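Trainee: One-letter residues, chain by chain:
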Amino acid sequence: MNMKNRYKVLVIEDEVHINNLLCALMDANGYQALSAHSCEEGNLMFASHRPDLVILDLGLPDRDGMQFLEEIRKESLVPVIVLSARTDEKDKVLALNAGANDYVTKPFGSRELVARVASALRTASHRAENGMRPGGKFKSRGLIIDYDARYVTIDGEEIRLTQTEYNIVALLSEHAGKMLTYDTITTEIWGYKDAGSTKKLQVNMANIRKKLGAKPGKQNYIINELGVGYRMSEGDD
Amino acid sequence: MNGKEKRVGVIKNIVVTIGSLVMDFMLCLLIQNIFSEATLVPTIVVLGVFLIAVFTDGYLYGVLASVCSVLVLNYAFTFPYFKINFTIPENIISAVIMMAVTLITCFLTSKIKYQESLKAESEKEKMRANLLRAVSHDLRTPLTTIYGSSSAILENERTLTSEQKRQMLLGIQQDSQWLCRMVENLLSITRLDGRHVQIIKVPTVLDELIDSVLVKFNKHYAEYEVSVDIPDEMVVIPMDPILIEQVMSNLLENAVLHGTGLTQIWLRVFTIRNQAIFEIRDDGCGIASEKMKNLFNGNYMSEEETTDRQKGNAGIGLSVCATIIRAHGGDITAENSKDGGAIFRFNLDLGEDDEHEESV
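Residue numbers (our numbering), protein chains in the order written: chain D, 19 to 255; chain L, 3 to 362.
The hints are simulated quantities; they were obtained by calculation from the structure and are not laboratory data. Be careful, since some hints might not be right.
Claimed, not checked - Quick look at which bits of chain D chain L covers, simulated, 3 or more residues with Cβ under 8 Å: (1) 219-230; (2) 238-245.
To be verified - Not the full set, but computed from the structure, chain L residues with beta-carbon under 10 Å of chain D: (3) Val12; (4) Val185; (5) Leu216.
These numbers were taken from a predicted model, which means no experiment stands behind them. Glycine is no exception: its CB is placed at the ideal position from the N, C-alpha and C atoms.
Build out the structure end to end from the sequences listed, making use of the hints.
Mentor: See the structure below:
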């Protein structure tokens with residue numbers, strides 16, 4: 019890819035060392051890094067450069083990163099990856115529900131971060147290109163979802179799912195690579211959420227896991243993040 | 003939760019007070035009927051009041067019991083019988099003595115109870131201090147690696163071979179990973195401290211917990227195989243999942259770091275009645291018997307092995323485990339299996355068993 023076509027990644031992080039690291043990582047992996055150290059600067063850079071992806075730290079000096087996220091979500095669907103601390107599941111859930119595409123927990127390894135960036139960019143372009151077009155299929159390591167026929171197979175073997183189970187699997191696969199929170203999934207599937215809906219989702223997920231032959235700790239199709247939500251592993255291209 | 007406990011406490015106190023008083027007076031009536039002399043009666047009444055003062059909380063019940071006893075004693079067991087009469091000096095003096103016994107007893111028991119709570123508090127303080135000392139001591143080594151290696155690379159960029167640089171960078175990476183784990187442990191403790199009330203328990207699906215723990219474990223120790231044995235049906239356990247995840251990671255990691263000769267780790271979870279039992283077993287060298295005693299209170303590391311940082315970590319990790327499990331109302335134990343490996347077990351309450359709804 020030549021210089022002109024490089025994806026632009028806007029890094030908004032006030033810690034200078036982490037900012038440097040993120041920008042260097044982006045540059046080294048073929049992206050064009052833009053660096054901002056505050057919400058204010060981030061807004062300016064966002065307006066003038068129109069980045070393809072934003073890496074956003076939540077604790078910024080001038081304003082809360084969440085506020086920044088809400089503002090840009092009003093006008094743009096640009097993928098946003100949030101940086102957060104491990105123990106703040108609530109922050110993660112809030113950010114995801116406010117439209118963040120993914121989050122990376124601090125401290126992070128470089129490989130993990132680069133993988134998330136690549137995945138978020140891929141998902142975004144995927145959705146822009148085909149979405150759920152007729153004849154669409156999702157494929158990932160032997161798992162095939164045929165959206166027209168509402169038919170799921172693993173290595174050619176049919177997996178019998180109930181309506182709800184299928185809807186959940188289809189929803190996750192449409193957003194493959196993206197973390198969906200419990201709230202997002204329950205609202206999409208049942209149209210509402212109440213006290214019991216997370217439990218209902220967990221029960222369905224337990225059945226789905228069994229039917230998909232998931233083994234704890236192994237590379238499963240559906241990845242779970244305790245207290246946050248679920249993510250379908252990325253499809254093969 | 004707290005209000006409920008308080009109510010239970012009040013009910014207990016009232017039952018103890020009324021029960022003892024009634025038994026006391028029955029005994030007195032019986033004795034008065036058997037022996038004609040009434041000299042035994044006041045001693046029995048004093049004993050009753052004394053017991054009430056010991057077994058109830060605060061002054062209120064003891065004082066009420068003693069007032070009650072004085073009146074009953076005056077009414078039923080002293081001359082003139084079945085009449086309240088405080089004009090006779092003997093009766094007044096016995097009333098005063100009774101009051102004094104009660105107040106002194108109440109004072110002493112309250113003091114003992116207070117001292118016990120102080121002791122528990124200082125126990126906690128001691129653990130925290132141990133932890134802090136151990137951590138600050140242990141932080142120095144990885145920081146030396148990180149600081150030393152990075153400045154060495156920056157200052158000798160040209161003279162160092164790329165292999166040397168690589169080695170130093172690896173050292174930086176490994177030691178900062180160790181620091182990360184240490185910080186996670188400390189954060190877990192502060193997560194407990196930060197909430198003055200009890201920890202917030204969320205219904206957590208066992209499968210998902212185990213999956214999450216093993217995914218993280220495999221990231222660092224892919225070469226070790228953990229065989230998992232958990233119930234087939236869906237088990238939901240109320241817990242703070244982040245903290246329990248920390249406990250299991252610590253136990254698994256300890257098996258790897260301390261179980262010399264380890265080839266296999268077993269992770270088993272099963273339910274008995276209202277409890278979920280977690281068991282992590284390995285086939286390593288087991289736990290030395292002299293360490294068993296102080297395993298969970300963060301003490302043993304201060305004794306000898308502080309020179310070896312990798313070993314020191316276990317003391318912190320295990321005391322963090324114990325703190326977390328106890329905060330959940332569970333218990334954690336360690337033992338050696340017959341074939342030599344170590345077994346760690348902890349239990350969590352399953353909570354009330356609400357019917358889980360069928361999927362729609």
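Trainee: Hint by hint, note whether the structure agrees.
Mentor: Going down the list of hints, with the structure as the test:
| no. | hint | verdict |
| --- | --- | --- |
| 1 | 219-230 | holds (count 7) |
| 2 | 238-245 | holds (count 6) |
| 3 | Val12 | violated (32 Å) |
| 4 | Val185 | holds (8 Å) |
| 5 | Leu216 | holds (2 Å) |
Violated hint: 3 only; the structure is consistent with all others.
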